[in-house]
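Trainee: Now for the letters of each chain:
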Amino acid sequence: MRVLVAIVAVAVSLSAPSLAQPPAKPPAAPTPHWPDGRVNLGPVPGGKGHWNSGPGLLSETPIKMAGAFLADPSDVDKAAPFQPWAKALFLYRQATQAKDDPHARCQGPAGPRQFTTPYGLEIVDQPELKRLLILSAGGGHSWRTIHMDGRPHPTGEDVNPTYYGHSVGHWEKETLVIDTVGFNERFWMAGRPVGMVHTDQLHMIERISRPDFNTLRYEATIDDPGAYTRPWTGQAFNIPWTTAESEEFFCTDNNRYGLQHDGSIAK
Amino acid sequence: MSRLLWPATEMRKQMLLSVVLALACLVYSGPAAAQEGHPLKGSWMGTWWPSQIHANEVLVVLNWNGKSITGTLNPGTDNMPIKNATLNPVGWVVRFEADGKDRAGNLVTYVVEGKIENLGLPNRSITGTWKSQKENGPFKISRQ
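These protein sequences, in sequence, are chains A and B. Quick note on the working numbering: the first sequence kicks off at 162 and runs consecutively. Quick note on the working numbering: the second sequence kicks off at 72 and runs consecutively.
The hints are simulated quantities; they were obtained by calculation from the structure and are not laboratory data. No residue lacks a Cβ here, since even glycine has one placed at the ideal position from N, Cα and C. Worth double-checking, as some hints may not be accurate.
Claimed, not checked - Just the calculated beta-carbon pair ranges, DEER-fashion:
{"hint": "1", "chain 1": "B", "residue 1": "Gln-215", "chain 2": "A", "residue 2": "Asp-236", "range": "34 to 44 angstroms"}
{"hint": "2", "chain 1": "A", "residue 1": "Asp-384", "chain 2": "B", "residue 2": "Gln-215", "range": "53 to 63 angstroms"}
{"hint": "3", "chain 1": "B", "residue 1": "Pro-152", "chain 2": "A", "residue 2": "Thr-382", "range": "46 to 56 angstroms"}
{"hint": "4", "chain 1": "A", "residue 1": "Pro-191", "chain 2": "B", "residue 2": "Asn-159", "range": "52 to 62 angstroms"}
{"hint": "5", "chain 1": "B", "residue 1": "Asn-155", "chain 2": "A", "residue 2": "Thr-192", "range": "52 to 62 angstroms"}
{"hint": "6", "chain 1": "A", "residue 1": "Pro-322", "chain 2": "B", "residue 2": "Trp-120", "range": "27 to 37 angstroms"}
{"hint": "7", "chain 1": "B", "residue 1": "Asn-127", "chain 2": "A", "residue 2": "Ala-256", "range": "50 to 60 angstroms"}
{"hint": "8", "chain 1": "A", "residue 1": "His-314", "chain 2": "B", "residue 2": "Asp-173", "range": "45 to 55 angstroms"}
Said to hold, decoys possible - Residues of chain A placed beyond 12 angstroms of chain B at every Cβ, according to the derived structure:
{"hint": "9", "residue": "Ala-227"}
{"hint": "10", "residue": "Gly-228"}
{"hint": "11", "residue": "Ala-259"}
{"hint": "12", "residue": "Pro-313"}
{"hint": "13", "residue": "Glu-318"}
{"hint": "14", "residue": "Asn-345"}
{"hint": "15", "residue": "Glu-346"}
{"hint": "16", "residue": "Ala-388"}
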């Protein structure tokens, strides 16, 4: 039983390719569109499938990795333009094998981490409600709303910091652009490299496209003057489509103990 | 007997059980939600002593705006704004100052220096020393 718990916890805490099911490689096909011309970021009507996450890396420049960790910690400045305290905290999290990772304790997989969390995600378009939903199958089985109705972000006292923040989106030709503010500080925003730091000043801009039927292209720009010296953009990465339906997974059912990245259990 | 009318002893047992369960829920409310941003941000409580001027207990509220550490020492009572606050990530050494007054109304400048312990935990602590023009002693606060 303990081994089973450990295996499930590893799947949750590491940003590795999904262990949920063997990916069914779908045939090549062009980008699907809705009748009004917008890109369809989900299955075609009558079809099924979901985005299977993957080992996406949140790093400004290419960097040699060992799983979720920098292969060489001296490469830290290649990852992001950290402020000194943020760099030291990131390196501490890496050096301690991410033993304090809130994600391993079922906190929300927010920020770019939503796109690399095992068990994948679905993007549900609701044009009649002028919104998109991004459903995370893994982690806490949670979802995020992208408002597409042109509303502004809340300001001042109306900001209620949350894991996923407040997201508004629009289309730039074939690319969905999501602008998000209002994050809380209770999560680590990347699974790879694990331990990337942010503050509640984080302003994130994501650019999501579907260059072909089986590929979701993801890129995030991090503008957080609380933790970084300047805005920076992580290298874009691809997320594969699988024709399998996403399955139900609740971190809270299976991950009663936080599993550290070295395999030991932190209670 | 009707199920709606419990004997007095049974009712007392049920009430006692309810009270115990309610207290247990209050005592164990699960792990505190972590604050994972700047390590100093938050409310901290602890002690600084011995002193003829201030009480042993201390409350510190700290914030980070991206460029500087701000905050208040004993907000609402002594209400001393924190100044010249620094965090050196090498060793996680914290230092800040605050101006207060003694009972005669004379200026007292406090200097606190300590080190963050248990950095990764939400209830991390700062352990070190405090000193003023006339007094000094140990300083320890934990994040709430």
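Trainee: If a hint holds in the structure, say so; if it does not, say that too.
Mentor: Hints, one by one, checked against the model:
{"no.": "1", "hint": "B:Gln-215 - A:Asp-236: 34 to 44 angstroms", "result": "36 angstroms, holds"}
{"no.": "2", "hint": "A:Asp-384 - B:Gln-215: 53 to 63 angstroms", "result": "30 angstroms, violated"}
{"no.": "3", "hint": "B:Pro-152 - A:Thr-382: 46 to 56 angstroms", "result": "36 angstroms, violated"}
{"no.": "4", "hint": "A:Pro-191 - B:Asn-159: 52 to 62 angstroms", "result": "55 angstroms, holds"}
{"no.": "5", "hint": "B:Asn-155 - A:Thr-192: 52 to 62 angstroms", "result": "57 angstroms, holds"}
{"no.": "6", "hint": "A:Pro-322 - B:Trp-120: 27 to 37 angstroms", "result": "36 angstroms, holds"}
{"no.": "7", "hint": "B:Asn-127 - A:Ala-256: 50 to 60 angstroms", "result": "36 angstroms, violated"}
{"no.": "8", "hint": "A:His-314 - B:Asp-173: 45 to 55 angstroms", "result": "47 angstroms, holds"}
{"no.": "9", "hint": "Ala-227", "result": "21 angstroms, holds"}
{"no.": "10", "hint": "Gly-228", "result": "19 angstroms, holds"}
{"no.": "11", "hint": "Ala-259", "result": "9 angstroms, violated"}
{"no.": "12", "hint": "Pro-313", "result": "22 angstroms, holds"}
{"no.": "13", "hint": "Glu-318", "result": "16 angstroms, holds"}
{"no.": "14", "hint": "Asn-345", "result": "8 angstroms, violated"}
{"no.": "15", "hint": "Glu-346", "result": "4 angstroms, violated"}
{"no.": "16", "hint": "Ala-388", "result": "7 angstroms, violated"}
This entry does not satisfy hints 2, 3, 7, 11, 14, 15 and 16, going by the numbered hints stated previously.
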